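S.K.: Residues per chain, in single letters:
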Amino acid sequence: MNSTLALAGAEIRRLRRNRRYLFFTIAFPVVLYLIVGKSTTTAYGVSFKAFYMVAMATFGALSGAFNNNTIRISQERKEGWIRQLRLTPLPANGYVVAKLLASMVTSVPAITIVFLLGAFYGQVDMPIWKWVVLAVAIWFGTFIFAALAVAIGYRISPDSVQPVSMIIFFAFSIFGGLWFPLSGGMKDFAQFTPTYQVVKISTDVLGSGTVDIANVVGIVAWFVIFLGLAVLAVRSVAETM
Amino acid sequence: MGSMNSGPVVTYDNVSKQYGHLRAVDGLSLELRGGETVALLGPNGAGKSTSLDMLLALRKPTSGKITMFGSDPYHAVKSGRVGAMLQSGGLMPEVTVRELVTLVSGFHPRPVAPETIMKRAGISDIAEQRVDRLSGGQTQRVRFALAIAGESELIVLDEPTTAMDVEARQRFWANMKAEAAEGRTVLFATHYLEEADHAADRILVINRGRLLADGTPAEIKARAGARRMSFRMGNADEAFLLQLPGLVQLEIRGDLVNVQATDSDAALYAILDAGYRPREIEVTSLGLEQAFLAITSQDNATVAASPEVSKETI
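Chains A and B, in that order, are what the protein sequence lines are.
Using my numbering, the first residue of the first sequence is number 1, and each one after it goes up by one.
Using my numbering, the first residue of the second sequence is number 1001, and each one after it goes up by one.
Derived by calculation from the structure, the hints in this document are not laboratory data.
You may find that some hints are simply not true.
One side only, chain A facing chain B, incomplete, derived with CB under 10 angstroms [stated by the list, open to error]:
1. Asn18
2. Arg77
3. Arg86
4. Pro89
5. Pro91
6. Trp179
7. Met186
8. Lys187
9. Ala190
10. Gln191
Straight-line C-alpha distance at most 25 angstroms; calculated BS3-like pairs for lysine-lysine [claimed, not checked]:
11. A:Lys187 / A:Lys38
12. B:Lys1177 / B:Lys1119
13. A:Lys38 / A:Lys130
14. B:Lys1078 / B:Lys1060
15. A:Lys78 / B:Lys1119
16. A:Lys78 / B:Lys1078
Okay, the calculated beta carbon distance ranges per label pair [unchecked claim]:
17. A:Leu232 / B:Asp1165: 43 to 53 angstroms
18. B:Gln1087 / A:Arg13: 24 to 34 angstroms
19. B:Thr1116 / A:Met1: 19 to 29 angstroms
Just so we're clear, the structure is a prediction, and the values are computed from it rather than from any experiment.
Don't be surprised by glycine CBs; every beta carbon is placed ideally from N, CA and C.
Go ahead and model the full structure; you've got the sequences and the hints to work with.
M.R.: Here is the structure:
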């Protein structure tokens, strides 16, 4: 486990040097919040400022855990880094576990910064336990997106991984209602996306303080599906073990 | 050195690997003993990389069994007893050479200090450079550093000096000999025959996934079956020279005579006994390259002649 933690540490250090990560995961949601978050309307039964805080934190978590991982994993597989690791005493699952752990850690600043912005700039006010539940729900979302990223990174070659992950990223952002709240037919269709469910759970906690069990079942189901796909993808390329 | 008494370090027991219709490795059986430096020689597609991949638990044999340090390859690798450098191995980008070496040495149960590793691999001067900004030769040396990041008992190298210039290559083998001198077993695949000749105690020649020859460089050369002798002789008597013992080939150009014979000593004595006094006598063994070509082309000819073998080439 120490080796895996050391690898996760190295992954985190790498990310700090990556401008693309800093831009999409932190700068982009912050700027969007500053521009759009001022609206005085409501969404999903809560103030727009509160909704948009949740949406942007989820967006940051999605971007950090998904985009970044799909491309890197695909490249590192092609270039042989994963193979190199298999020649060391690092446990067989160390690479994937380290990627997931690093994603969990690197999503913390994105969520924290947007929450601070919501509290101080957007004047979102709620009891402390709600802040905690929201943060945990979005953080769990990070894990779901990271698991999907592993499945895609292992399956798709570096040549096509960028467009594929962009399509999924934008679909999850738009149909998840991260950029603008959903309504009508679009909502009927989009309510099944994991991003929508993370946002919905969060806004339900914010508003009524209760959650719809269907959404909880939904994100757990996505988690199981994506983790299963990730395990299958990793197994399919590892001839041994 | 402890491994010297404790039986073979590596055993391939009738190992085969099939990819669809293609038999990349075909009934390979061999043993590596502790402290040996062994070269794996073979033309492209002979099954070298597949053999090494199976040894390092990257691929599973279709049949047969590989044992390393008394356990299966996977557990031997994960216990840190093997260090390896493959052609297909990549490096983690966006970190410095020092960070990468430190990370990988930390995976080992018996790590070597990063400074020592970098010194041995000749990369101390590029320690602060980013891994993704190195030249091909520098990258290759960093990969070697990762192979020696722990106190491994066996080092496996697949074409380790590709992309290195002559000087770097010589430095590499000097470092490698230092590793071997500490009692480590070294197995390397190469297509530079002079490297096998100079660096290895033992050479394994494989072709079409099968082991064709196994011996010291001198034994392998002897397998080609002849030495070459040249001398000058005023009135060369062709009829006499054709009677030389063990003659394989004769060539007369003016007063210059070239003889290939299985026993060059006997041939020379016969010439002297007959009263001839040849001048400028030179006796050379056939190089490893000729020996290697002789062994593999013989094998290819056998395969081509036998009807039951499929036409597919590797």
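S.K.: Does the structure break any of the earlier hints, and which numbers would those be?
M.R.: 6, 7, 8, 9, 10, 15
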